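S.K.: Take a look at the letters that make up each chain.
Protein chains: 4
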Amino acid sequence: MAGNTFGRLFKLTSFGESHGRGVGGIIEGVKPGLELDMDFIQKELDRRRPGQSKITTPRDEKDRVEFLSGVFEGKATGTPLAFAIWNKDQKSGDYDNLKDLYRPSHADYTYDAKYGIRDHRGGGRSSARETIARVVAGAIAKLMLKEIGAEIVGFVSQVGEIQMETIPEDLSLIESTPVRCPDLKVAEKMIDYIDNVRKDKDSVGGVVSCVIKNAPAGLGDPVFEKLHASLGQAMLSINAVKGFEYGMGFQAASMKGSQHNDEFFSENGAIKAKTNRSGGVQGGISNGEEIIFRVAFKPVATILKDQHTVDKSGKEVVMKAKGRHDPCVVPRAVPIVEAMAAMVMADAWLMNKTYH
Amino acid sequence: MAGNTFGRLFKLTSFGESHGRGVGGIIEGVKPGLELDMDFIQKELDRRRPGQSKITTPRDEKDRVEFLSGVFEGKATGTPLAFAIWNKDQKSGDYDNLKDLYRPSHADYTYDAKYGIRDHRGGGRSSARETIARVVAGAIAKLMLKEIGAEIVGFVSQVGEIQMETIPEDLSLIESTPVRCPDLKVAEKMIDYIDNVRKDKDSVGGVVSCVIKNAPAGLGDPVFEKLHASLGQAMLSINAVKGFEYGMGFQAASMKGSQHNDEFFSENGAIKAKTNRSGGVQGGISNGEEIIFRVAFKPVATILKDQHTVDKSGKEVVMKAKGRHDPCVVPRAVPIVEAMAAMVMADAWLMNKTYH
Amino acid sequence: MAGNTFGRLFKLTSFGESHGRGVGGIIEGVKPGLELDMDFIQKELDRRRPGQSKITTPRDEKDRVEFLSGVFEGKATGTPLAFAIWNKDQKSGDYDNLKDLYRPSHADYTYDAKYGIRDHRGGGRSSARETIARVVAGAIAKLMLKEIGAEIVGFVSQVGEIQMETIPEDLSLIESTPVRCPDLKVAEKMIDYIDNVRKDKDSVGGVVSCVIKNAPAGLGDPVFEKLHASLGQAMLSINAVKGFEYGMGFQAASMKGSQHNDEFFSENGAIKAKTNRSGGVQGGISNGEEIIFRVAFKPVATILKDQHTVDKSGKEVVMKAKGRHDPCVVPRAVPIVEAMAAMVMADAWLMNKTYH
Amino acid sequence: MAGNTFGRLFKLTSFGESHGRGVGGIIEGVKPGLELDMDFIQKELDRRRPGQSKITTPRDEKDRVEFLSGVFEGKATGTPLAFAIWNKDQKSGDYDNLKDLYRPSHADYTYDAKYGIRDHRGGGRSSARETIARVVAGAIAKLMLKEIGAEIVGFVSQVGEIQMETIPEDLSLIESTPVRCPDLKVAEKMIDYIDNVRKDKDSVGGVVSCVIKNAPAGLGDPVFEKLHASLGQAMLSINAVKGFEYGMGFQAASMKGSQHNDEFFSENGAIKAKTNRSGGVQGGISNGEEIIFRVAFKPVATILKDQHTVDKSGKEVVMKAKGRHDPCVVPRAVPIVEAMAAMVMADAWLMNKTYH
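Protein chains in written order, with this note's numbering: chain A, 1 to 356; chain B, 1 to 356; chain C, 1 to 356; chain D, 1 to 356.
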């Protein structure tokens, strides 16, 4: 209700601010008996971590997840899985200068407008540290989805003006480059591009693409909880996301029906589509093809250039930037996109069990 | 849970198929004592109706809403507002040839995959007739929103390859053209374009843009129910929608932070943004500026050209199209987009009342 | 949220007032392909109907359910099952004298306090006609539960000062007496008792007991949605219910642990309890024994004696009673109790499917 | 959905087992800016603690709550309030003998039937330690309710065969006796009674009564979420509860309408009821009178006598009891009953704000 819970049957209720005791959540709907592969969960968290390479911020957060309940002898018991990732760095004094400032395109002003009170340190609840809880829940959703073989693969398809032309068949190289682009030539260009942005004390946006392989047909609910509508809400709920499209997306607007329709054919008794402009979903329900979607990220609002803004009293101030910040968070967003997609898929799968 | 309810506090639970007894729903969260302006509600329904002009299908559905409960002496009582729009045309025999057919890019195959049973007549539950219930609920949400002055204005900004360059200041001409594009020169081109598509027995997609004026700052919830994430889910739940973006949307991906950030300033004691690249939402919460978003529609799947597909048994068939169909539903989608936006805003507003 | 929806996966959202167009609802979670036995559903409705015998009110409502969606060729399709029972008798003029009156122990005053507006005719939304929707949904839940063999049997165990000592083994005679008490000797006494209450122009309360047979072990969720807590909420939501207990209920308060505990034993490989003081539920989860609970009903507030009360303005008035009213609604409450129990069990069963 | 969340707008999602890392929860719906009186919250927890006197178990748990998020400078920020109470005593070896045992009238067997896996140590999730989270959330709900002046007072009205005849006017002495009975003479008898039960190595049940003072008229929702139905679910969700009644409760079943109805009168412009047999709720909505209800607790299942039972394999075993256990938990249940009532009232109050 108040926006802290995601999902219907596979559910994450998250908590935490960037500078409180920590961030974490409660996960429900985990299959009783599921082996919780702690190495895998930690690896997923590590993929989100800043400081993975020169193109990301060098702070080493080393986020370690601690499970507080719901695990017994390494297995999920079916009771709520609570977990926390404790905040290390609690020098809230660093943030005193931001106390009454409304940073441009940050959530400072809107939180004050909504709540009339706000933990200003590091963005508080609107900090991207909140996404840590999503990565943990998403990792567990991925473990659940192994039972049906579904696999979720995200990658960076655009950084600023650099973009991949097509999705390559081979997605195996994604993790071999810090920018998480499977086309290594494009990846090189992206890295250079980000490097120049950093030197300019600026930031830049990008696009994360995602492919869900081996999802069975029949997932998703009609009308308001169409599979792509749930994926859309999931992605748009990630910090800095400005757009979502699946299949042909916005390109479909300029297409004709005869160009866009996916004709069916039959192969060894299975019904398949000749093309996949639909992006694996028809009428809100998966059709057994690959589910493909794209997520647009704006440039992060924190930049190292001076900016004009106001404080709480309306007084105009020039904001002197300092510190170290990621010029492009898009590569680090890949595991978050995957995590949200995994949660949507696990939830749709559990929901489907109730029909049969 | 099963996808038939939208909203948390302002809620629509919808029902109905294209060829059952009718479509309708139950609306909850309507303010007790609200005058239900039946003329207005009917007018909204009329805007969705086919047969409004030569560019839409000539069938005259004349959908009339009947309220079944929750109204007393013209006012909402606070109890559930049930309503129905009865189906007229029940010649289900017309659809016998579609009984076992999986139409390309329709939901026939996926519904069968999900449920194992399906009302094949006219698309059943996946029919766009279902959106009638949304328009009724949206009309009531609009009546609710008058109290805070918020206004929702949708229009067609693209049809196929024809698009408006910028959003004009003056949106007053939208309803003066059947294509619902506020720039009448562009509207003319769109009408010609659609006419050619019809002659080609084809269909075409487009984009609906939407502006929400006078929304107060503070609406929307952080994290998973960010205002734009709810708008996104709402829009993506409309039939044929393939993408959603707000503010600079996908363009933001190629922008720098210094180009994208909206600096604040102070005017007569009020805090405002110099620019509105954020699209009226920051950190998931409205900032008092205009909320702006765009919704991409694919071309409708039903075209009058022959198509290759399979039936339930996997046998390949050539589908001979017949009947009369809209070549471009985008203009008719405008009231649906507005309705969903109105519901999201009414819900966010009610939610906010619980904080104060 | 606003109290009109019951259930999580097997869900009823109800609508309607006693004097609007009708009452009805939307049912979700019905298994796709379920045969909807219309005769059975109508029979359940008939059991709730007034005028079944001299001990109930002689009005003949003949409530007929009409399904509006979700059914195709006699089977549920998995899409929402909307239904309505149309109100016949709409002489709202009869109620003008009640317009501003606050009847003792009715909901007139509290609805005004809550909503500031109220459909005063026949109790409006607080009328017992609302329970018709529950009986329809409960009938469908019973049809669902056939798959696991679970059966729900309600009966009257107390009317005023007349009560059964013990639950008889043989419950086959319940429907053979209008008072729905399986012990025919006690039933005779109850009928005489009610007859005297009627002659006195008074009303009387009673108790409905209910046994759920063949419920598998493992149903119900821990903590807040314990099976008996859901049953309790369900029963307490029925008009005129003042108490709920299961197993030994309030008697357990005066018992010792050594008297109350149910020891387990093993029989042919199955684990069973020697006694069933727990009432078939332990830790909120069914243990495979019979689930037994009792529901206390107050006497209906409408009596044919004069009563003192006030109107909206606070003016004291003597309420002259008229018309024909049931002196004891408890026998007619039996199908409603069963319906709510069936919905709880169907919901718990669907929920359990998501664990395996 | 899975039973770990209570409430709609004022919400607790709880986690934790008796022998994991700890118990805790996430609270949502707390008013932004609310002063969190930590002393008060801790005092409420202390009231639940074992070892408060010779009649309770002498273990000194000293549960201290730690808030993990949602608090800034002593005030709630409106973001989720996560909290934990860490488990101290983790000698899980003590429980090895219970590993495969199904204790009579405990949840061991039913958890295994449901989940197929179970943390057997100390009852796991079914342990009464889980109620700690409720007391914390209830304390915060009480702080919220101060704004409307509503006050919740629970007390013990029955222990085994000892019961109070009537509710005394003066409830100020409740906390002056360890048995929490406001009539000190009856309290003495209860203490003696419990002492004898302990010497017998047995346990005993009882009743907690609760009065909600100064609740405004208009709280509660019609139909399925009637105020007393929510209270009933809340109470029945507490470990060991077997029954709930409000107003005249089960006694109402033997009353006549003319005896039970509460006539209204007018006093200084306010509408009041001459009597309060309704228990402060009519038609599911509070009427401004005191809300009164009673909750029946069974004797705790753990007793120090030998009992016959089976293990997981079905083998019959004699359970040798050991350790120290409360012979009567009813006095310690008082703060839990109050906590659940406070949450229900805070939730109903927030819900009501959305109507106006």
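Please note that a few of the clues may not be correct.
To be verified - Computed beta-carbon distance windows for the label pairs:
hint	chain 1	residue 1	chain 2	residue 2	range
1	B	151	A	200	53 to 61 Å
2	D	275	C	313	19 to 27 Å
3	C	168	A	38	20 to 28 Å
4	D	100	A	265	37 to 45 Å
5	C	192	D	100	12 to 20 Å
6	C	320	B	151	35 to 43 Å
7	D	170	C	169	33 to 41 Å
8	D	274	C	169	42 to 50 Å
9	B	149	A	317	41 to 49 Å
10	D	100	A	167	36 to 44 Å
Source of the hints: derived by calculation from the structure; they are not laboratory data.
Small disclaimer: the values here were computed from a predicted structure and weren't measured.
C-beta: ideal position from N, C-alpha, C; glycine also.
S.K.: Enumerate the violated hints, using their earlier numbering and listing them in ascending order.
M.R.: 1, 3, 4, 5, 6, 7, 9, 10
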